[in-house]
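Asker: In case you want the letters, here they are:
Number of protein chains: 2
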Amino acid sequence: MKWPLSVSIKEVGPRDGLQNEKKFISTEDKIQWINQLSHTGLSYIEITSFVHPKWIPALADAYSVAKGIERVEGVTYAALVPNQKGLEKALDANIDEVSIFLSASETHNRKNINKSINETLTILTDVVQESLSSGKSVRGYISTVFGCPYEGHVSVQKTMRICEELFEMGVYEVSLGDTIGVATPKQVQEITTEMLKRFHSDKLAMHFHDTRGTALANVTASLNLGITRFDSSIGGLGGCPYAPGASGNVATDDLLYMLEGMEIETGISKDKIHNAALFIQEKIGRSLASHSLQVYQAMQS
Amino acid sequence: MKWPLSVSIKEVGPRDGLQNEKKFISTEDKIQWINQLSHTGLSYIEITSFVHPKWIPALADAYSVAKGIERVEGVTYAALVPNQKGLEKALDANIDEVSIFLSASETHNRKNINKSINETLTILTDVVQESLSSGKSVRGYISTVFGCPYEGHVSVQKTMRICEELFEMGVYEVSLGDTIGVATPKQVQEITTEMLKRFHSDKLAMHFHDTRGTALANVTASLNLGITRFDSSIGGLGGCPYAPGASGNVATDDLLYMLEGMEIETGISKDKIHNAALFIQEKIGRSLASHSLQVYQAMQS
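If you read the sequences in order, they're chains H and R.
For the record, in the first sequence the residue sitting at position 30 is 30 according to UniProt numbering, with numbers rising by one throughout.
For the record, in the second sequence the residue sitting at position 146 is 146 according to UniProt numbering, with numbers rising by one throughout.
Please keep in mind that the hints were generated in silico from the structure rather than gathered at the bench.
Treat the hints with care, since some could be wrong.
Calculated lysine-lysine pairs in the DSSO-like style (CA-CA distance at most 30 Å, straight line) [what the hints assert, rightly or not]:
id : chain 1 : residue 1 : chain 2 : residue 2
1  : R       : K85       : H       : K2
2  : R       : K2        : H       : K158
3  : R       : K115      : H       : K186
4  : R       : K2        : H       : K186
5  : H       : K272      : R       : K2
6  : H       : K203      : R       : K2
7  : H       : K85       : H       : K67
Please take these sequences and the hints and turn them into a complete structure.
Answerer: Right, dumping it as structure tokens:
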């Protein structure tokens, strides 16, 4: 088995992590924390979401965060944008990159966005067009690729169709989300193999949640097939809205531990990530899910 | 990537799990719990350890547990045995199978057993001989195969040499332990590939700890190479003596979730395992590390 020599990690903790945490982190702490993250070697941070605060109160301070953080050269600062209105605020806050999202399953998309997939695609077409004409790159998220909490199995054809539409709009990369953390290596292999018949591996990222402990196994299965782009969340921040107490995104810390052991380069300092994770762990006020963080913490004390 | 159609799981929670838990579980609760485990479809349970209670106070009631449990047909009840004295008690309690152990690294073996590897092998030769002549099968554990807390890297040649000696004694299977949970898929692939040049996959089991979250990724790497035998601990019981707060053995529950998703048969009921895990979780008095258990629990409430 040959694995890639290097992979690119997109840090989503400040957005996907925090949006699923119960505790509101103050704007000042968010800024201080993101500034720490900017000096860890990370080249990409999704810093917040411009979804209406009614839906994501944890990130109601999106504009202030985006305006308040230090912009370090070499780091791309992205934000989630649901529609034209969100885009205006995001552009006003001068984020570097726009992340758009929708679901592969119709029911999840309706529950999450209150629109059909086709209606969502129409809205996103305008968002992408305006983003690109404002000089911003656009990344796409597809949720529930590996399973839907309402529909169960989701066919890879649905994901592929949406992927094609996103690329046609001008999205440069699509992140395939295991939103509820149900995937196993076999399914990852099957779906990824199908996707790679149509799209180059440089166009696809994997976004695993560790709800059932399989996230790093799924990363391994993806690496087996040459995937080199992964989303992760520092400390394993976040949870699963469908199962309180369950784990959130795969932890950046654990992902780095594994990749370092596999001699796969990321350019990121694991110690600096651990320290930034300890900072936010203290603010959240509970032990975060990252395994290697707990080891690091025990070793420090 | 082709994976095996079925794998065999050896449940080590009552021994390796409990021995690393701070809280003493009463003999009555242990017996009730092991009796539950006997009806989950598990075909193998390591129920206790006949190591001197001074070293493992959590399992000081080894004899009473072994005598007190129900013996269900089709289930092998094994116990850890360090020496002749332990063996006498184990035989007196009529366990089905003897587990012996030593480390691949000299320093860990000395710290753990207070003897050199060669001295340990001499003692074990007698233990194995008497076990076999008493009609008991013997399984061997090698600790620190993937790394030693004192020596760091451990050469695969050391493991191989010990493995050969154990097989020569009459041990039928050797379990390769990642005692401190440092392994990553690359290392698993390298060590397993070397081991499989000398030994048939039926003779080797993998014993992963999830200290840094890589256990299921390491299982995946092992499955890639045709390994079909894994040790695991219900609920992910146990911790790491070198890092308080860190995770213990890979959780049987999570392993089952992943294997089921990969359509690999085990003969074990995941729901029954979850219920037995909830029983011991309540006795331990803290949330266990198993991810799928937390999801199961949330879904029940």
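Asker: What's the verdict on R/K2 and H/K186, does the C-alpha distance respect the 30 Å limit or exceed it?
Answerer: 9 Å, holds
Asker: Against the 30 Å threshold, does the CA-CA distance of H/K85 and H/K67 hold or violate the hint?
Answerer: Between H/K85 and H/K67 the Cα gap is close to 17 Å, so the pair holds against 30 Å.
Asker: Check the hint pairing R/K2 with H/K158 against an upper bound of 30 Å on the C-alpha distance.
Answerer: Holds: R/K2 and H/K158 sit about 26 Å apart, inside 30 Å.
Asker: Does the alpha-carbon distance linking H/K203 and R/K2 stay inside the 30 Å limit?
Answerer: 26 Å, holds
Asker: Keeping to a limit of 30 Å between CA atoms, is the pair of R/K85 and H/K2 held or broken?
Answerer: Judged against 30 Å, a Cα distance of about 48 Å means the pair is violated.
Asker: Run the distance test for R/K115 versus H/K186: straight-line Cα separation, threshold 30 Å.
Answerer: Violated, at about 44 Å.
Asker: Just to be careful, I want the Cα atoms of H/K272 and R/K2 compared with a cutoff of 30 Å; is the pair within it?
Answerer: 38 Å, violated
Figure legend: structure checked against the earlier numbered hints; hints not met, in rising order: 1, 3, 5.
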